[in-house]
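The listed protein sequences derive, respectively, from chains A and B. Start counting the first sequence at 1; every next residue gets the next number (the numbering used here). Start counting the second sequence at 1; every next residue gets the next number (the numbering used here).
Hints in this document: simulated from the structure, not taken from any laboratory. One or more of the hints may lead you astray.
[Claimed, not checked] With a cut-off of at most 27 Å between alpha-carbon atoms, the simulated DSSO-like pairs for lysine-lysine come out as follows:
1. A:Lys67 <-> B:Lys75
2. B:Lys47 <-> B:Lys120
3. A:Lys186 <-> A:Lys169
4. B:Lys59 <-> B:Lys144
5. B:Lys69 <-> A:Lys163
6. A:Lys35 <-> B:Lys77
7. B:Lys59 <-> A:Lys163
8. B:Lys144 <-> A:Lys186
9. B:Lys50 <-> A:Lys81
10. A:Lys81 <-> B:Lys114
11. B:Lys69 <-> A:Lys169
12. A:Lys35 <-> A:Lys81
13. A:Lys35 <-> A:Lys168
14. B:Lys56 <-> A:Lys188
15. B:Lys114 <-> B:Lys75
16. B:Lys144 <-> B:Lys69
17. A:Lys35 <-> A:Lys56
18. A:Lys81 <-> B:Lys47
19. B:Lys58 <-> B:Lys120
20. A:Lys67 <-> A:Lys169
21. A:Lys35 <-> B:Lys120
[Said to hold, decoys possible] Derived coverage of chain A by chain B (criterion: at least 3 residues anywhere in the stretch with Cβ under 8 Å from a Cβ of chain B; other residues may be distant):
22. 4-16
23. 120-130
[What the hints assert, rightly or not] Stretches of chain A that chain B covers, calculated by requiring three or more beta carbons in the stretch to come under 8 Å of a beta carbon on chain B:
24. 19-27
25. 38-45
26. 137-148
What you are looking at is a predicted structure, and each value in this text was computed from that prediction instead of being measured. Even glycine gets a Cβ: it sits at the ideal position worked out from N, Cα and C.
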Amino acid sequence: MARRATPEVNAGSMADIAFLLLIFFLVTTTIEKDKGIARQLPPMEEQKPEDRVIIKERNLFIVNVNKNDQLLVEDELMQLKDLRQAAIDFLDNGGAASNSPEYCNYCKGKRSSDSSDNPDKAIVSVQNDRLTSYKMYINVQNELVAAYNYLRNRESQRLYGWKFTEVKKAIDEGDFNGNVSATEEKLKNIQTLFPQKLSEAEPKKKGS
Amino acid sequence: MSKFNKKKSGALPPISTASLPDIVFMLLFFFMVVTVLRDSNLLVQNKLPKADQVEKLKKDRSIYIYAGKPSDAYKDKYGTEGRIQIGDKYTDVSNLRPALEGLRGKLRPELQNKVMVALKVDEETNTGLVSDIKQELREANMLKLIYITSPGNELDQ
Numbered sequence: 001m002a003r004r005a006t007p008e009v010n011a012g013s014m015a016d017i018a019f020l021l022l023i024f025f026l027v028t029t030t031i032e033k034d035k036g037i038a039r040q041l042p043p044m045e046e047q048k049p050e051d052r053v054i055i056k057e058r059n060l061f062i063v064n065v066n067k068n069d070q071l072l073v074e075d076e077l078m079q080l081k082d083l084r085q086a087a088i089d090f091l092d093n094g095g096a097a098s099n100s101p102e103y104c105n106y107c108k109g110k111r112s113s114d115s116s117d118n119p120d121k122a123i124v125s126v127q128n129d130r131l132t133s134y135k136m137y138i139n140v141q142n143e144l145v146a147a148y149n150y151l152r153n154r155e156s157q158r159l160y161g162w163k164f165t166e167v168k169k170a171i172d173e174g175d176f177n178g179n180v181s182a183t184e185e186k187l188k189n190i191q192t193l194f195p196q197k198l199s200e201a202e203p204k205k206k207g208s
Numbered sequence: 001m002s003k004f005n006k007k008k009s010g011a012l013p014p015i016s017t018a019s020l021p022d023i024v025f026m027l028l029f030f031f032m033v034v035t036v037l038r039d040s041n042l043l044v045q046n047k048l049p050k051a052d053q054v055e056k057l058k059k060d061r062s063i064y065i066y067a068g069k070p071s072d073a074y075k076d077k078y079g080t081e082g083r084i085q086i087g088d089k090y091t092d093v094s095n096l097r098p099a100l101e102g103l104r105g106k107l108r109p110e111l112q113n114k115v116m117v118a119l120k121v122d123e124e125t126n127t128g129l130v131s132d133i134k135q136e137l138r139e140a141n142m143l144k145l146i147y148i149t150s151p152g153n154e155l156d157q
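Work the whole structure out from these sequences, hints included.
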């Protein structure tokens with residue numbers, strides 16, 4: 001009996017099939033690139049607190065954005081590009097006297113008496129109009145976070161020799177080699193040196 | 001002599017396409033792996049603002065909220081006022097909470113307390129709409145949110 005050879009499968013159309021699938025996946029692909037500015041909202045107040053904390057005027061950095069997307073920082077008109085430096089100057093001021101318990105020994109600012117006492121006390125308050133564009137809102141938030149990141153980077157560079165933002169990003173993405181928990185402890189330490197105190201007032205109802 | 005000029009025929013040898021399927025398959029697998037099928041159809045314009053001081057979103061515990069003006073196809077029906085979209089449909093500010101609770105229920109149980117709300121808001125929206133959303137989030141006790149942005153910086157231009 002003659003053994004019949006199995007006929008060979010024609011693989012010529014294989015490439016066509018693969019191309020078809022490839023094009024389908026090319027079209028439907030959205031490569032994930034979701035990144036953004038993270039925020040923690042304050043919890044809803046159950047009742048109005050009786051004893052409100054009094055914050056000194058000099059420890060408040062008020063950023064006001066009006067409906068035409070103009071910035072008013074500490075009662076002065078300001079351009080967006082100057083906001084970062086202004087926020088850094090405010091946070092880094094360290095105005096408390098050198099013998100008081102609130103003295104900030106790592107601040108490198110001007111130590112002016114009419115700006116913040118120390119970074120722990122310093123609060124940045126952003127006030128928006130309802131008609132402020134979201135783009136401007138994000139830009140302002142971005143610049144303020146940048147100011148915090150700049151100072152945190154400076155301190156982590158001084159204390160540990162690496163940059164806060166780079167190490168945090170490496171840990172978040174899981175490609176940090178080294179002792180993660182010890183490093184997270186250090187990150188926390190930096191965060192207490194410059195705690196991010198961004199307050200957001202509820203926006204005014206009407207345009208002003 | 002003929003030993004050396006054996007290959008000197010005028011025509012170019014044909015390029016072998018035998019490895020073409022392999023190459024295509026390789027690309028195919030790459031795209032199959034990185035593909036995430038869109039789970040919701042965008043009903044609003046969604047041009048995200050730029051920012052560079054960003055953190056990465058943890059996908060497994062996030063809920064998306066879109067907001068912006070209705071996109072061109074829906075303009076006639078819904079006007080040009082900013083609107084909120086959750087899942088596949090428009091939502092009112094008043095309906096936001098039940099919709100969010102519903103989405104939270106779909107997450108893995110151990111992550112439901114760590115839920116993170118991702119706001120994808122068009123850059124031309126008014127901040128008022130965003131603060132309405134934030135108020136609702138506070139009421140619903142979902143306090144972690146992230147403003148999704150596109151890479152870049154507005155000041156660079």
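Of all the hints given earlier, name the ones this structure violates by number, lowest first. 5, 6, 10, 11, 15, 17, 20
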